[in-house]
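Residues per chain are reported as follows:
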Amino acid sequence: MNVLTLNDVSYTYDKAKKKVLDGVNAVFESGKVYTIVGKSGAGKSTLLSLIAGLDVCTDGEILHGGQNLAKLDRDEYRAKGIGVIFQSYNLIQNATAAENIVLSMNISKSKESDKKGFAYALLEKVGIDRETADRTILKLSGGEQQRVGIARALSGGPGLIIADEPTGNLDKETEKDILNILTSLAHTDGKCVIIVTHSRRVTGVADVIYGISGGRMTKVEE
Amino acid sequence: MYIIQNAFANILRNRGRNILLAIIILAIITTSVTALIINNTSAAVIEDYQFRFSSEAFIQLDIDRLTSSASNGGSAGGNRVFSSASIPQMDAELQLMLTDSAFLKESLATGSVRGNSGDIRAIDQNDEDETDPSQPQGIPGAGGMAFRIGGDMSNFQLLGDQWESFTEGVRSLESGRFPETDNECVLSVDLAEANGVEIGNVIHFTALLSAGLPEDFDVNEAEDGDVMEVNGIDYTVSVLNRDFGIAGLNREVTYELTVTGLYYDLNDAYENEMLSGYAYFNNRNEVLTTLGTLLQPRQSGESGVQVNVRYFLADPAYIGNFEAEAREKGLSDAFLVTTDERSYNTIVKPVVELKKISLIFMFVVLGLGAVILLLLTSISIRERKYEIGVLRAMGMKKSKVALGLWCEMLAITAVCLAIGLGAGAVLSQPVSDMILVSQVEAAQEQNSAPGGFMTVPGGGGGGPVRIQGSQMGGARIGGGFTANAQPLDEMTVSLDIATLFQIIGIALALATAAALAGVTKITKYEPIKILMERN
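Residue numbers (my numbering), protein chains in the order written: chain C, 1 to 222; chain X, 1 to 535.
Some hints could be false.
Unchecked claim - SDA-like, lysine to any residue: derived pairs with alpha carbons at most 25 Å apart: (1) K39/C to I528/X; (2) K39/C to S438/X; (3) K111/C to K397/X; (4) K529/X to D134/C; (5) K385/X to V56/C; (6) K529/X to A95/C; (7) K397/X to I379/X; (8) K349/X to S438/X; (9) K529/X to T58/C; (10) K139/C to R382/X; (11) K139/C to A121/C; (12) K116/C to D75/C; (13) K397/X to Q67/C; (14) K524/X to R74/C; (15) K385/X to N169/C; (16) K71/C to A402/X; (17) K398/X to Q93/C.
No lab work stands behind these hints: they were computed from the structure.
Based on the sequences and whatever the hints tell you, model everything.
Here it is, written out as structure tokens:
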């Protein structure tokens with residue numbers, strides 16, 4: 001099922017007047033893992049910001065479920081429509097892992113009656129036990145923080161998950177675990193997972209690989 | 001709801017930073033509470049005094065005018081003493097006539113007469129000093145001015161309509177009832193027991209009433225005991241000082257009073273130890289009756305019955321109207337109609353200064369405190385920029401981020417408010433006392449000039465002219481100024497509802513301003529920028 005469509009998406013930074021993305025076209029479907037690869041500065045993270053609703057494209061359109069993101073309430077979209085996993089986790093540092101999840105559920109207006117119980121379950125699913133769940137983020141390792149990041153991305157029940165270099169700061173063992181979780185989300189839970197990376201190991205789990213170069217994105221492999 | 005929960009959680013999560021904020025807010029609130037309590041109590045005290053002093057109208061001899069005319073006509077050398085003829089008088093009739101003024105809320109007329117009795121003996125009465133009714137008692141027409149202690153002496157005071165001591169609780173009716181009509185009286189239990197007086201007995205009191213000297217009266221041709229007819233009434237001439245030309249015309253009147261009650265007196269027998277033993281000054285010898293009783297035998301223009309009327313204006317703004325009415329009814333230009341501004345200023349000035357100081361102090365603290373608080377909040381928010389970026393990236397709306405920050409600041413402020421109110425309420429009294437003491441000292445230094453007497457140079461380079469401020473002629477006018485007015489040196493401050501709401505308002509404004517300072521700063525950034533900056 002078509003989850004996200006990019007139609008001639010372009011992006012120009014105000015100051016540089018340089019087109020970072022130039023007429024990008026792509027279709028992302030549910031149940032698949034996509035990776036977007038490219039050199040540093042190629043526009044990977046910019047594309048991810050546009051898809052995440054953190055920024056707006058200067059030309060073209062991004063359709064989520066057939067609706068143009070530019071016309072949607074982007075706060076609402078970020079809260080419910082998409083789950084974002086950041087390379088540097090971006091969690092509330094002095095809150096516990098569980099509190100981060102509950103807060104995210106509150107923001108997405110989750111109907112779950114036992115939010116804390118749901119948060120523990122979600123964290124357990126990504127490999128965080130209850131004791132660890134009650135620790136503040138500052139006391140967790142990078143791998144644990146990334147697992148919390150994944151759990152948070154899932155907390156609003158989105159059909160689309162995007163991850164920006166999710167294993168960039170992790171060791172190989174943890175990277176493998178994280179990738180297993182992400183592929184499982186696509187292949188088992190039917191979510192559309194888009195991973196921005198330049199790691200070969202990550203591209204190895206992808207169903208579809210896109211490459212960005214010179215502001216243009218092309219399908220490298222399927 | 002989760003915004004509030006998250007705000008409370010954030011307060012604990014960022015406790016170090018919040019404690020610092022709380023200390024600043026607490027200092028501001030405590031200072032503001034202290035200053036506001038002092039300020040508002042001062043304002044209430046000032047307003048109260050303002051109303052009291054401006055609502056009571058005084059008809060007062062124009063001392064400046066009198067001394068000016070005295071200086072112009074003064075004799076060479078020596079002290080010049082005013083005789084009854086030279087001091088303008090306001091007769092009791094006019095005083096009482098003014099009580100009907102439409103501009104008054106109420107008036108209080110009282111009177112007194114010095115008397116003796118052949119029926120009963122006063123407590124501490126000294127037979128050797130007992131007044132011979134045929135002898136004059138002081139300066140005619142200058143009632144209450146010249147008592148010769150131990151010489152010519154009345155033994156009783158007949159008081160007309162002076163019932164304050166009963167309402168104040170220092171006297172109470174032991175038996176019987178208060179006078180309901182004229183010619184009835186109540187006596188002290190001690191006086192009644194000493195003389196075997198019972199309720200229903202009739203007692204006779206004698207008093208001297210005086211007439212003004214006719215213009216053609218020549219003191220050098222008059223002798224003590226001469227009888228002179230004035231307005232159809234016979235008076236006995238009394239020459240007090242031939243050299244100074246002081247003489248009087250007196251006649252004896254008799255009050256026949258029925259005792260209707262006996263009162264118990266909690267007052268000391270003598271208010272002044274120096275006067276102990278003189279029957280006239282013994283409180284137990286006071287005979288309480290109606291003013292109408294005292295005025296009954298009095299003819300128009302006669303002195304001897306001291307009348308004192310206090311006028312309370314319906315509105316302080318009516319002072320001009322009241323004066324116009326008094327002038328129309330015959331009040332001489334020698335009198336001023338005024339409110340007691342001088343006493344008001346003397347009494348209230350330290351409180352006014354205290355109010356000013358507290359207000360200035362509060363504004364300074366609020367101003368400086370607000371600047372420090374805004375800076376501190378601004379720094380604090382900058383530190384939380386990343387957290388806010390994360391919340392925004394998670395989809396939290398700007399308004400909710402702002403609401404969360406405001407809730408945090410409100411919660412901190414609320415805790416500080418509770419502590420600050422307590423601390424301020426405790427601190428305000430000693431702080432108020434401390435400032436008031438210094439202000440009273442300053443005021444007393446300023447007011448160290450003589451109060452009751454006014455001294456001006458006598459004409460012809462002679463000695464000073466001395467005029468006693470508040471008494472004159474046959475009547476004491478309108479209560480007079482509070483000659484011995486002392487600065488208010490005690491003020492009980494307390495936290496009232498109005499102050500409480502003002503403090504809450506200030507606290508709310510502080511919390512909002514502090515939160516706004518941070519929010520406006522942070523919401524300018526898009527979450528992507530905050531996160532990119534961080535990453």
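Comparing the hints with the structure gives:
no., hint, result
1, K39/C to I528/X, "holds (21 Å)"
2, K39/C to S438/X, "violated (78 Å)"
3, K111/C to K397/X, "holds (19 Å)"
4, K529/X to D134/C, "violated (30 Å)"
5, K385/X to V56/C, "holds (22 Å)"
6, K529/X to A95/C, "holds (22 Å)"
7, K397/X to I379/X, "holds (22 Å)"
8, K349/X to S438/X, "holds (12 Å)"
9, K529/X to T58/C, "holds (17 Å)"
10, K139/C to R382/X, "holds (23 Å)"
11, K139/C to A121/C, "holds (20 Å)"
12, K116/C to D75/C, "holds (23 Å)"
13, K397/X to Q67/C, "holds (20 Å)"
14, K524/X to R74/C, "holds (16 Å)"
15, K385/X to N169/C, "holds (23 Å)"
16, K71/C to A402/X, "holds (24 Å)"
17, K398/X to Q93/C, "holds (20 Å)"
In the structure shown, a violation is registered for the earlier hints numbered 2 and 4, in ascending order.
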